[in-house]
Amino acid sequence: MPIIEVENLSRGFQVMEPAGRFRRRKKTVHAVRGIDFTIEPGEAVGYIGANGAGKSTTIKMLTGVLVPSSGRVTVCGFNPVPQRKALARKIGVVFGQRSQLWWDLPLQDSYPILAAMHRMPEALWRPRFRELSDQMDLGGFLTTPVRQLSLGQRMRGEVAAALLHRPELVILDEPTIGLDMISKEKLRQFLDAERRANGTTLLLTTHDMSDIQRLCQRVLVVDDGAIAYDGPLTGLAEVAGAVRTMVVDLAAPVHSPDLLALPDGAVHQGIEADGIRHSVSFDPRRLSAATVLAAISSRAEVADLSLHEPDIEHLVRQLYGSARS
Amino acid sequence: MRAYWELAKSSFRRHSTYRTAAVAGAFTNSVFGLIRASLLLSAITTAGGAIGGYSATEAATYVWLGQALLAPLGLFGTAELAGRVKSGDIAVDLSRSVNLTASYWAQDLGRAAFDVLPRGLPPLVVGAAVTGLAMPGTPGPYLLGFVSILAAVSLNFMGFFAINLLSFWVLEIRGFWMLYMVVMNLLSGFLVPVTWFPGWLLDFARATPFPSMLQTPVDILAGRTDGAESLAMVGLQLLWLAVLLVAVQVMVRFGSRRLVVQGG
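Sequences listed follow chains Z and P, in order. The letter at position 268 of the first sequence is residue 268 when you use the working numbering, and the numbering goes up by one with no holes. The letter at position 223 of the second sequence is residue 223 when you use the working numbering, and the numbering goes up by one with no holes.
You may find that some hints are simply not true.
In silico contact screen, one side only, chain Z against chain P (beta carbon under 7 Å); selected entries [to be verified]: (1) LYS60; (2) VAL65; (3) ALA88; (4) ARG98; (5) TRP102; (6) ASP104.
Calculated Cβ distances over 12 Å to all of chain P for the following chain Z residues [unchecked claim]: (7) GLU7; (8) THR57; (9) ARG244.
No lab work stands behind these hints: they were computed from the structure. Built from N, CA and C at the ideal position, the CB exists for glycine as well.
Same shape as in the complex, but just chain P:
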């Protein structure tokens, strides 16, 4: 366990060395938040005050929470592992006495811990100043929200890690990566809340782990679900996490047998 704790800490420090990147990222998230919020708000005004149970302030809150969680949740992922397979540096990872998945997972949690404040806070501050936020006044949603964020970080990590692991079989994963990004962006509720989907698409989204990756923590934090509902949603997140973890471990097991480490 100590190795994974050290890895998480080291990853936090690694990311904290790139402060300019964090500031630039927070700026971009805030600007895109303004664009997304104004689009949604004009749609809601045209629709006559509310869409799918979201008032103007609630819709803005959904946008700003999404923009704030974008970086900490790792919604854009990283192709680090695939890059190391390409360069052959995977040989170094595999000759360490740690579990491959767990070591990358620990490092992603360290990254997320760093990203929370510098990447998460600015969009919320901008949102509170420009559109206002509708946040709950009781501690419950924040406590469960924290657990839900942890689960969502892990789920996003597992999803992208599985795509990265495809590089054990194929030389180029860009096609899979693009497909995954498009599907995940839509079904996770990043573009619009999943409850705005037509019925058939909503049913389909709910049969996948994607809503658990963003929609769930946003809904819990915004207080859109009551305590029991929130607990059930976190339970579902953990269930998906277990499923993805098993799938990823199976991929590592069979993939590393197939893997040809490149280079001399």
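Isolated chain Z, as found in the complex:
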């Protein structure tokens, strides 16, 4: 039985817009329009889309804090809005932009309260908390009030809070937002290990492609309130025809792109800094970065280079553009 079943789910919001000098007119904005998907237990799914695409609205309906305008949602066998409290015992939720910890208490004080809310006896939650605290390295700041924690420390605390009751399903809404590379990687490692050990189902929204690459086998792309893609991550890049961009800084200026002898399939994108900086885009399925670099090096000395992966917003835009045309 699927752990999440979404059928023809829609949500509209009433907004007032000015109509004339004093009058206002009601207008319905459709944040989510008729989406369908199912998620099986044990899956790790990335739910991605541009800002305002409808990601958070969907998450709110899945967790039962927002009533759908129409359609059907079942999460862990529950209807989220009327059975919100029962559902809360089965799922763990991390809102990257909000905190479920008690702001003015030491971090460690939040866990007995959460355990009590989940009706976990001491003998059950203490060992679990110790395990989470070890894995997430919370030991150094357990006695620090939550308000004084750094963002990275707090997010580790948040994730531990969401996982304390061993939920079947963990929903993470932008869990890595604002974190540095090391904290992001630690969090990903932990979530991956947790999933492998307990078969936890993961659903996460993010703007960070690496989160998806490290954690998810499947992605759902939402654009303008509708599902634009549902399938494996590799397929997404293929469908969207993703290109990588190489930026090279040359030791001496080269003023014409023709002089670089780019291989077939590599497209010169522009020159900056009086011929020193060149950007070149290429299709990773046809050309390797090494081939492009070798070609350039044969004509000019390369002082520095960087590679840019396609970002999610870009992929989604391309994908949706091609689906419409």
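Put chain P on the given structure of chain Z with help from the hints.
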């Protein structure tokens, strides 16, 4: 139940971290007590020794008990819930496996338990030293008074919580808040005892839960009512509590269906 007990304890600890605020609050309550007591006392002297059954010391006792109970009873309320609706943090509250009203209620009881000593004692000490207090010498009024205070804390919580819950429907509750504060301050007997009201206003006040929010515990503690009367008043408090609890639960039920959680 354990969750609510933990919430109450945590709220007690949260408030105990702000000790300077508690001291400043107690100081303010005492200063305002002095002002209110001197105004009432000069009125009583002008009136020739007593107003509406209150002698000078009894009127002072009424003022000091009011000032002492002001903070523990939560007479100024908190707009925490409305703030969380505005910021969208209400999503976190709603995704916990506890009853929304009960979890906020438990936290308010924890706050009240902390406020009793640091906010309640100083005004009484100042009052005893400056004007003297007329307090009963038997344990009865204190026992019933304790129950009455618990009921009054809960009633004040429910009143302000209902105002907070309006934020499920409207974006800005400040207007309702101001109106509620003005009406509650007057009808609860905070400004002057309700028995000093003209007849029509007294009848109106007694048809509302407001006197149960302050006047009742003050009267019981000061020994102005005998045992049977006091019991009946506590019974009335509990009746109002049941009414407000039902009203608040209905608001939560319909409001959370309407609620649009703000932010991404």
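Inset, instruction - Provide an ascending list of the numbers of those earlier hints which the structure does not satisfy. - result: 8
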